[in-house]
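Peer 1: Given next are the chains, with one letter for each unit.
Protein chains: 4
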Amino acid sequence: MAYLTEKTLSEVRRDLHAHPETGWKEFRTTALVAEELEERGYDVSLGANAVNVDGRLGVPEDEELAAAVERARREGAPEAYLERQQKVTGLVAEQTFGDGSGPVVGVRVDMDALERAEAMDDEHRPAREGFASTHMGEMHACGHDAHTAIGLGLAREFAGEVDFDGTLRLFFQPAEEGGRGGKPMSETDHITDVDFLLAVHVGLDMETGTVDAARERPLPNAKVDVTFRGEPAHAGQNPQAGRNALLTATTAINNLYAIPRHSDGKTRINVGHVHSPNPQNIIPEEVEMRIEVRGGTTELSDYMQGYAEQIVQAAADMHNVDIETELYGKTTTFEADEYVADVVATQAATVAGVEEVFDRGAFSGSEDASYLIRKVQQHGGEGTYVGIGASNTFGHHHQRFDIDEDAIEIGVDVLARSVRSV
Amino acid sequence: MAYLTEKTLSEVRRDLHAHPETGWKEFRTTALVAEELEERGYDVSLGANAVNVDGRLGVPEDEELAAAVERARREGAPEAYLERQQKVTGLVAEQTFGDGSGPVVGVRVDMDALERAEAMDDEHRPAREGFASTHMGEMHACGHDAHTAIGLGLAREFAGEVDFDGTLRLFFQPAEEGGRGGKPMSETDHITDVDFLLAVHVGLDMETGTVDAARERPLPNAKVDVTFRGEPAHAGQNPQAGRNALLTATTAINNLYAIPRHSDGKTRINVGHVHSPNPQNIIPEEVEMRIEVRGGTTELSDYMQGYAEQIVQAAADMHNVDIETELYGKTTTFEADEYVADVVATQAATVAGVEEVFDRGAFSGSEDASYLIRKVQQHGGEGTYVGIGASNTFGHHHQRFDIDEDAIEIGVDVLARSVRSV
Amino acid sequence: MAYLTEKTLSEVRRDLHAHPETGWKEFRTTALVAEELEERGYDVSLGANAVNVDGRLGVPEDEELAAAVERARREGAPEAYLERQQKVTGLVAEQTFGDGSGPVVGVRVDMDALERAEAMDDEHRPAREGFASTHMGEMHACGHDAHTAIGLGLAREFAGEVDFDGTLRLFFQPAEEGGRGGKPMSETDHITDVDFLLAVHVGLDMETGTVDAARERPLPNAKVDVTFRGEPAHAGQNPQAGRNALLTATTAINNLYAIPRHSDGKTRINVGHVHSPNPQNIIPEEVEMRIEVRGGTTELSDYMQGYAEQIVQAAADMHNVDIETELYGKTTTFEADEYVADVVATQAATVAGVEEVFDRGAFSGSEDASYLIRKVQQHGGEGTYVGIGASNTFGHHHQRFDIDEDAIEIGVDVLARSVRSV
Amino acid sequence: MAYLTEKTLSEVRRDLHAHPETGWKEFRTTALVAEELEERGYDVSLGANAVNVDGRLGVPEDEELAAAVERARREGAPEAYLERQQKVTGLVAEQTFGDGSGPVVGVRVDMDALERAEAMDDEHRPAREGFASTHMGEMHACGHDAHTAIGLGLAREFAGEVDFDGTLRLFFQPAEEGGRGGKPMSETDHITDVDFLLAVHVGLDMETGTVDAARERPLPNAKVDVTFRGEPAHAGQNPQAGRNALLTATTAINNLYAIPRHSDGKTRINVGHVHSPNPQNIIPEEVEMRIEVRGGTTELSDYMQGYAEQIVQAAADMHNVDIETELYGKTTTFEADEYVADVVATQAATVAGVEEVFDRGAFSGSEDASYLIRKVQQHGGEGTYVGIGASNTFGHHHQRFDIDEDAIEIGVDVLARSVRSV
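Protein chains in written order, with the working numbering: chain A, 1 to 422; chain B, 423 to 844; chain C, 845 to 1266; chain D, 1267 to 1688.
Since the hints were derived computationally from the structure, they do not count as laboratory data. What you are looking at is a predicted structure, and each value in this text was computed from that prediction instead of being measured. Among the clues, some could well be false.
Unchecked claim - With a Cα cut of at most 25 Å, we get these calculated DMTMM-like pairs of lysine to aspartate or glutamate: (1) D:K1532 x B:E721; (2) C:K1110 x A:D264; (3) A:K266 x C:E1129; (4) A:K266 x C:E914; (5) D:K1532 x A:D264; (6) D:K1353 x D:E1395; (7) A:K266 x C:D1146; (8) C:K931 x C:E914; (9) B:K429 x B:E708; (10) B:K688 x C:E1129; (11) C:K1110 x C:E1001.
Next comes chain A alone, as it looks inside the complex (with noise of 0.2 Å):
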């Protein structure tokens, strides 16, 4: 029997919290998961399957994938499935149910945890209770535990199911965090014929038993990482005979935050994790640092994106210094369509323990999610953004986040009820 199967949806997510992995690092968690859909007679297409491999954005180096793969491998990672992910992550199950006659309905949850210490003292209930990060500087504080445990409780619910005649595809994304595993994920068949897409998001600062039935409108963005490298040179002898990167970069940030503001709406520029390690004698031959643009619009984050990436190469031109550019990340945003937004409202208020629904909530930060919601209208279906309440005391991304475990029963009801009624 597989790992997973004999757990409740809690303790699931409990592991999952005590065993947390980092965008395109999900090796452990895709293997136990496919373990039990597969079991339960899910079709599962796994890692290189399930996402267009080479559209990955912001995938660590190959040696960091290897040391991943070998640390899921440790925590009990069932080997099969490793091997049949390529060292990729992520996956897609299907089921048909009844005469299949009726739409195929996608669901779509993230699995990825984020790069932050967790509070390790008994104030912060996974600590308390033993199930704390069993990984210093990683930690589930975004909830996508949660979901992964909801989109699992979803499988069990169809599972031998009879009232559906429809199919059921669940993705289970990786690498939600930066913005990086949604666009590769849109660029494969699993979701080209998708009739009805739902996503779902525990908390969002809403009380457990709250429901907004779309959420929509995130913030498209775009994460651009840049390494200037430059010529080393010793600054008292031979300062003209160096490249210097700093400077390089510090015209270049100069001129990030001045990018003219749009008259069309909001937009944003950021820079981040810069670091120029040379000893103060010696010209700085590299420079790294992260960039993210936000707009309105996907028109504004990419006169944003543009306008950046104009900026680092002419900074570079200035001073003789290489650049290398990585997109590291970028979402879209999207609207909730009307009718698929009003059966997850209406089933909404059918489920027990849920006492208030609305819609149309607008996301204040961004999502990937929205490329499989666009690519699914695209192709004439519809989707929306599911948030599930959860009360908690700390917000998203803090290292006290914890999730009311209530919400993730709800979740599988809410998605169940709204599966079947599209």
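Given chain A, put chains B, C and D in place with the hints provided.
Peer 2: Structure of chains B, C and D alone, referenced to chain A:
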């Protein structure tokens, strides 16, 4: 008889002082000098025959030149000589004496005034004695009026000469200020067969009676004018629709001053004449600026110029702005040759009024006679630059700059003896 | 009889168009309007009695004002009125009608021209018909000539009035361009007891026959002039002896454009009029520049202004340079009041030639009538800003801007009916 | 018997090479040297008694020092000497010989290693012969292991000495790298009565057998560490709520490189170790950076340091960011004294293996023995800095730097003869 012929050298200098003409606009000066020299039997090459027309640097706009010609006409420049100049100033005059078996000896003087206002009160002798500039904002504040007089005096000395069997060739150079006329004058055939070249300058912070037989090693420099052309837009309504020429220029300027120091020696950079005329509610569409670089050697000056041009181009690319760059002026450096410097030193010591002779003083600034001297040296000739002390209370370029006119006769005498003795 | 009295409003407008006076120099305009209004029985407060003299923004130098007075004198401004202005422009005129029991109704018009050249060819009606600007570089390109005529027309309408039992108070504001005159005019007692204030503007991209009864929400802005004063030095000989005002300014400018965007709404920043006149071989000792900030709210404009001033001061400290900053202009924002806007809308619909009436159009720019309207509102009164359509081929501030003069009579009529009806 | 006593100088050097200790962490080195010297009859002042504790520059954090003490203990440092150091490294040892009537002669050697990885392949002798660094990332790559051995060898030479009637005082200086230990060691009484001070360095790009009796004029420098502390904020949601430490640092850096060149001579500036760790979606709240300035004279270095500190402070004020600055290291300059340099030159020529002796070579870098030498000179003594050639294939600080160990005996001999002869 020519207009200048019966004037003393002091009267000539005062006439020129009252009618200052700035670089490439010395039409009256050129014409009057040419008129007397032809009368005295010299072969005169004027304007377009005296400099490489296409190699001229920092030339004013056509309308400005036309107005200068018109002004020269109004102020007595003989028409025939204006016509022969073809809108280009400067002249080379030569005469071969005796059996012509001796060397070709060149003497270079410069003729242009500065763009600066002259003091007009009674403490300033030109004002007190009625020969101050009659043109607001233009002034002979560097002694080139005296240089022209010295050149003319030398021509008078040799007219009808019997003690000299060589060729005297006089270079009356335009546009020394800014380093604009020396280079194109060095690009003619007049210079290639010169055996000895003597350039001359009065003042140089030396008292009357002091002579430096070999001032040398001026700082090579380059002046580059830049115009940034962007696109205007209303700063409140469509800031993104502009292409900001000012942000481009400020980015360039900050980086220009940050060009790395060089281990091979002295480097300098500065920017001036920055003008961005847009009202504050319009994204700036045009900025003008002027760069000057210097270096302890030609290589260092070229290093600074090359880096500066690269910065300007990259800044323009950064903000999608167009640029025009123009080399406004350029000088090089030289070392005086031993034989000719010794001859000058020896002869200078025999001149009445000369009390101290030394050589090998170093320039603190730049000088474009450097191009003429180097060209002579490249063709196997020798050159030196002769400083003639002239006690002055105020330094060169000051609004109260004036010269002790005794220096004119001393200058003529030092040069005449040197020409005969090389 | 007063100079303007027998002229039609169109003739008045054309006379003013031919004699444009820019901000704080409207001496002739003020004098001629005052002359007719006193003749018609109005109490007139002139210049220093019409605005808070010490609160004036962006006032030209004394010599410039003196020259403007002299020009006004030459061009027919009656001496008595010039004297009463005490070198300050603007006027407030009032008359109480009937039993005086009704409200105090204020009407605000502005009088100043722009610093820009007017088109002088036959395609431009003012040139073709002989009333183009007689002063190179100054032009009524925003319609304030028509506004002044409308104010005068309204005064004529009410002279000898019997249908109105209240007080009409006319504000002829100086220096609207740049936002310089509204604030000091709002700081007088003339405004505090106004019950209803109507401001008026022609054009605003509306065709003749259209009226906006309540143009509102102009963008608050501030204009700050900065002079950086450093120390000159020879850039080749003693670069360290200078205090570089240009490097200071460029550092400030780069950071000004980089002031963080704000989550509360729109922000804007721009810089213009940058002048660093030093020659390129002298370390720049003085730079002038003009900043404009805007915000979607007064708070946002203040945020930008405060941050901008902090940047400028710090840049000066960075390079040991002195600064002078002066608030050149400032506007705020307002929302029109419902009752008075409704009255205007209702009355406008009854005016001959008016085909379409709407309200609540949003300004795309800034407007300093905002200070007057807010002051009235703070004292319990109501205000609105009335747009009177005037078909024009070219937009405001264009060298070919002209107005359809039918708008003048429409404007007078709309305002007169509104004054009587509030 | 002391641990080092029976080792040859080459063995001592290799033992130290295998156990490199970086600046202010030379606990084992100090203890082992002190142990042998006391055994040999020297009076030894340790740590807090050898340097001005409060004047130390660039001291690591307390925990780092504690860990270094612990490491020294594990690697055999005698406990008694660790205790006597009181967590401060360095030692001064002295012994008076004969009748004590002669001069006090000081010899200064330095003991610290560099933070850099050592080559570990067989082409590098320390690796091949088994004495390479046992600590990853730390290496004696500048020859200070040999300097310590030379100091010890000199002490051995004089122990039981009869030919010398003066006092030998040995300064084993900590933390020369970065210029951190020389200044505080010069601020003790040990230096004030020194009549002659000899500092020593092997290598300096000279072959074995060459001696420079008076290396002099090192470039004064200063190293300043800066931490900018702002305020984080979500870059998408509240960009204005942050105080951007990165924009502050980039503005500072751009201006640091733009500090004006100086007419009095060479100046240098560079920045390194720049770290801004924030993720790209958070306004950067902290940046660390390290500045190094140099000048051809102490005044020029001070000019650069003062201007740099002013820039950093103003940049912080510009964006309302806090700063901490700390002087990390500082050196000055000196000229060697004639008498003592002559003695060294004369004696060096008599040493076996010495083939060429010269003096007055100029440093290309910086050296904090300068503080000790200047202090001696200020008190009327004389000083010089002796270079002992040591043929090496790779330069100082290279991962393959090694020394020809013959230089150790030569160094001891040159110094011993010089001590006896001054």
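Peer 1: State for each hint whether it applies.
Peer 2: Results for each hint:
1. D:K1532 x B:E721: Given pair K1532 of chain D, E721 of chain B holds - Cα atoms ~18 Å apart, limit 25 Å.
2. C:K1110 x A:D264: holds (10 Å)
3. A:K266 x C:E1129: violated (39 Å)
4. A:K266 x C:E914: violated (51 Å)
5. D:K1532 x A:D264: Since the Cα atoms of K1532 of chain D and D264 of chain A sit roughly 51 Å apart, the hinted pair is violated (cutoff 25 Å).
6. D:K1353 x D:E1395: This hinted pair is violated, its Cα atoms lying about 33 Å apart.
7. A:K266 x C:D1146: Holds, at roughly 19 Å.
8. C:K931 x C:E914: Between K931 of chain C and E914 of chain C the Cα gap is close to 11 Å, so the pair holds against 25 Å.
9. B:K429 x B:E708: Violated: K429 of chain B and E708 of chain B sit about 49 Å apart, past 25 Å.
10. B:K688 x C:E1129: Holds, because 23 Å separates the two Cα atoms, which is no more than 25 Å.
11. C:K1110 x C:E1001: Violated. K1110 of chain C to E1001 of chain C sits at ~42 Å, over the 25 Å cutoff.
In this structure, the earlier hints numbered 3, 4, 5, 6, 9, 11 are contradicted, and the remaining ones agree with it.
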